[in-house]
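Chemist: Listed here are the chains, written in short residue letters.
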Amino acid sequence: MRRSRKDINRPLLILLLGIAVLLPLVVRSNQYTLVLLTTILLYGVLATAWNIIGGLAGQLDLAAGAYLGLGAFTTGTLLIRWNVSPWLGMVLGGLVAIGFALLVGYPLFRFGVKEVWYALSSAALVEVLRVAFLIWNQVGGPVERYLPYHEWSLYHLRFATYLPFFYIMLGLLVLALLIHHWIRQSKLGYYLMALGENEEAAEVLGVNTQKCKLQALSIYAFLVGVTGGIYACMYGFIHPNFFSGPMSTEVAILGIVGGMGITYGPVMAAILLVSVREFLRANLGGQLEGLYLVVYATVLILIALFRPQGLGPLLRQAYDRLLARVAKE
Amino acid sequence: MTETFLQNLINGALTGCIYALIALGLSLIFGVMNVVNFAHGDFVMLSMYLTFWIGVWAGMDAFITPLITFPALFLIGLLAYNALIDRTLRQKYVTQIAVTVGLMTFLRALAQLIWKAQPRALPYSLIQGSIQIGPYTILASRLVSAVVSVLAIAGVYLFLSRTWAGRAIRAASDDLDAASLLGIPYRQTYALAFGLGSALTAIAGGLLMTFQQVDPTMGVRFGLLSWCVLAMAGLGSIPGLLISGIIVGAAEAIGMSFWDPRARSLIVYLLFILVLWLRPRGLFGRK
Numbered sequence: 372m373r374r375s376r377k378d379i380n381r382p383l384l385i386l387l388l389g390i391a392v393l394l395p396l397v398v399r400s401n402q403y404t405l406v407l408l409t410t411i412l413l414y415g416v417l418a419t420a421w422n423i424i425g426g427l428a429g430q431l432d433l434a435a436g437a438y439l440g441l442g443a444f445t446t447g448t449l450l451i452r453w454n455v456s457p458w459l460g461m462v463l464g465g466l467v468a469i470g471f472a473l474l475v476g477y478p479l480f481r482f483g484v485k486e487v488w489y490a491l492s493s494a495a496l497v498e499v500l501r502v503a504f505l506i507w508n509q510v511g512g513p514v515e516r517y518l519p520y521h522e523w524s525l526y527h528l529r530f531a532t533y534l535p536f537f538y539i540m541l542g543l544l545v546l547a548l549l550i551h552h553w554i555r556q557s558k559l560g561y562y563l564m565a566l567g568e569n570e571e572a573a574e575v576l577g578v579n580t581q582k583c584k585l586q587a588l589s590i591y592a593f594l595v596g597v598t599g600g601i602y603a604c605m606y607g608f609i610h611p612n613f614f615s616g617p618m619s620t621e622v623a624i625l626g627i628v629g630g631m632g633i634t635y636g637p638v639m640a641a642i643l644l645v646s647v648r649e650f651l652r653a654n655l656g657g658q659l660e661g662l663y664l665v666v667y668a669t670v671l672i673l674i675a676l677f678r679p680q681g682l683g684p685l686l687r688q689a690y691d692r693l694l695a696r697v698a699k700e
Numbered sequence: 002m003t004e005t006f007l008q009n010l011i012n013g014a015l016t017g018c019i020y021a022l023i024a025l026g027l028s029l030i031f032g033v034m035n036v037v038n039f040a041h042g043d044f045v046m047l048s049m050y051l052t053f054w055i056g057v058w059a060g061m062d063a064f065i066t067p068l069i070t071f072p073a074l075f076l077i078g079l080l081a082y083n084a085l086i087d088r089t090l091r092q093k094y095v096t097q098i099a100v101t102v103g104l105m106t107f108l109r110a111l112a113q114l115i116w117k118a119q120p121r122a123l124p125y126s127l128i129q130g131s132i133q134i135g136p137y138t139i140l141a142s143r144l145v146s147a148v149v150s151v152l153a154i155a156g157v158y159l160f161l162s163r164t165w166a167g168r169a170i171r172a173a174s175d176d177l178d179a180a181s182l183l184g185i186p187y188r189q190t191y192a193l194a195f196g197l198g199s200a201l202t203a204i205a206g207g208l209l210m211t212f213q214q215v216d217p218t219m220g221v222r223f224g225l226l227s228w229c230v231l232a233m234a235g236l237g238s239i240p241g242l243l244i245s246g247i248i249v250g251a252a253e254a255i256g257m258s259f260w261d262p263r264a265r266s267l268i269v270y271l272l273f274i275l276v277l278w279l280r281p282r283g284l285f286g287r288k
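Residue numbers (the working numbering), protein chains in the order written: chain B, 372 to 700; chain W, 2 to 288.
Possibly wrong hints are sitting among the right ones.
As the list claims (entries may be wrong) - With a straight-line Cα cutoff of 20 Å, these simulated EDC-like cross-link-like pairs (lysine to aspartate or glutamate) come out:
#, chain 1, residue 1, chain 2, residue 2
1, B, LYS485, B, GLU574
2, W, LYS93, B, GLU571
3, W, LYS93, B, GLU570
FYI, nobody ran anything at the bench for these hints, they're computed from the structure.
All chains, full assembly: derive it from the sequences and hints.
Modeler: Here is the structure:
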């Protein structure tokens with residue numbers, strides 16, 4: 372059974388990836404559907420990255436928007452001012468995000484800010500950065516700053532279609548999943564899961580919890596920062612509202628709903644919930660502003676109330692049952 | 002320079018009393034049942050909209066509307082407790098946050114649905130005019146708001162220390178097991194604390210509507226603001242809450258006039274982060 376499970380897992384993943392790669396062919400040049408698919412992937416990447424600090428290490432981080440914005444502004448500003456390619460810019464953006472994460476994370480973990488207070492202070496950071504960039508006229512300011520337009524330029528990462536962004540985001544998602552998978556099975560992953568379960572106990576057993584949390588935070592910040600760089604190129608402008616509180620909370624919600632720490636959970640949650648949200652927005656948004664969010668929030672509350680472990684375990688059960696049936700036949 | 006500074010200090014401190022009242026409601030909820038409520042600020046927003054509604058339909062002054070909104074918010078609080086919070090008590094705090102974030106999104110979207118996104122404000126309140134003390138002007142509506150807030154806070158203090166139900170709330174917050182052994186029913190006590198905590202936002206909402214407008218994003222601002230006041234005060238000290246509220250209000254007003262009007266939330270959140278780093282128990286906390 373164990374062997375057969377592994378034998379089935381890998382081809383299945385490759386099959387799913389194949390379907391994802393071919394998906395744009397089905398929708399052809401329908402830009403709306405492409406944006407939707409890319410947005411789902413974007414949230415998938417963010418939630419998977421969050422799953423490292425939130426799911427494994429149990430730190431309820433609500434600052435995804437901060438790292439996303441930093442990545443976007445680094446990439447965008449470098450491109451607008453000095454014509455630096457976003458390929459380099461997004462890596463630098465990720466590094467800036469790491470720098471900021473360390474700057475903030477060190478004192479937070481050093482002074483033992485935990486649980487709800489960690490969540491709230493990270494939420495506050497997003498707003499601090501948003502206002503700071505709104506005031507900082509040289510880089511931010513209240514007006515959108517547009518990236519140079521190119522019909523098709525790989526160097527500038529600017530395209531007239533969303534198709535390349537779909538594939539870039541898909542690649543990033545695979546990378547994020549691999550990183551999460553790899554961390555989960557590494558020493559760091561076990562340390563993180565231990566401290567996520569019970570921090571004092573992990574500390575007594577000799578885990579350097581501060582260091583582990585900082586490492587997890589850095590990896591998360593880097594991934595989100597890189598995503599921010601692509602985000603800026605995809606939308607073609609940068610604005611302080613990229614430091615978005617609601618988006619940060621949504622990323623955390625996807626991680627929780629997906630099942631904390633389960634590798635594929637957040638992606639599943641992103642596929643499910645972002646599609647539901649966009650479907651509701653497309654169908655209800657036109658008539659009544661806010662109605663789709665009322666329905667969406669109700670779905671969230673119901674999942675959180677009746678499936679507190681998230682959708683991940685549910686999915687795993689269904690998958691196991693399917694495998695058992697296949698093995699029997 | 003000094004005059005502007007002191008003028009802002011006075012205005013900010015008066016607004017800060019309302020912040021303290023909001024934070025007191027949150028403190029009842031978080032301190033008593035350890036529930037992380039992210040939707041508290043949205044109850045404030047809801048109260049402000051209800052005040053607006055009553056003001057427009059019945060022509061009632063915002064200072065008097067709490068007579069109606071207080072019981073209404075108490076009932077809404079009870080409903081939220083029984084439908085949502087009670088089920089999350091035995092769950093991890095992450096689940097509580099997920100549920101209350103859901104509630105927050107729900108209330109915000111509901112407000113957008115009913116009242117649309119544009120800001121709403123009431124015509125001027127009955128209480129008009131200002132008092133002149135030397136070079137300083139104090140608006141009567143702000144002064145009355147601050148006085149009403151302090152009175153409401155004092156009322157809660159008396160309720161908690163003098164009545165059986167109030168003592169039950171305090172006992173449950175100190176030691177739930179011991180309180181249960183003494184025959185204090187925890188569910189009723191928790192529901193009461195949650196209802197009262199929510200109802201306090203009704204008074205604050207009415208007072209706020211006397212001098213400012215409301216829009217659906219207001220909830221997030223008041224949510225984080227009240228957590229900031231609570232973090233600074235620490236749990237278990239009502240005078241501490243009042244002082245922290247005044248500090249936050251004053252810092253906000255001074256920062257806005259001396260740095261940048263847009264820096265309002267920046268100052269509050271920086272203060273919040275600093276307090277968490279340097280004094281996680283709060284300035285006056287006993288826990």
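Chemist: Within a Cα-Cα threshold of 20 Å, do LYS93 (chain W) and GLU571 (chain B) meet the stated pairing?
Modeler: 17 Å, holds
Chemist: Tell me if the straight-line CA distance from LYS93 (chain W) to GLU570 (chain B) falls inside 20 Å.
Modeler: Holds, at about 14 Å.
Chemist: Hint check: LYS485 (chain B) vs GLU574 (chain B), CA-CA at most 20 Å. Holds or violated?
Modeler: 14 Å, holds
Going down the numbered hints, you'll see the structure goes against none, and every one checks out.
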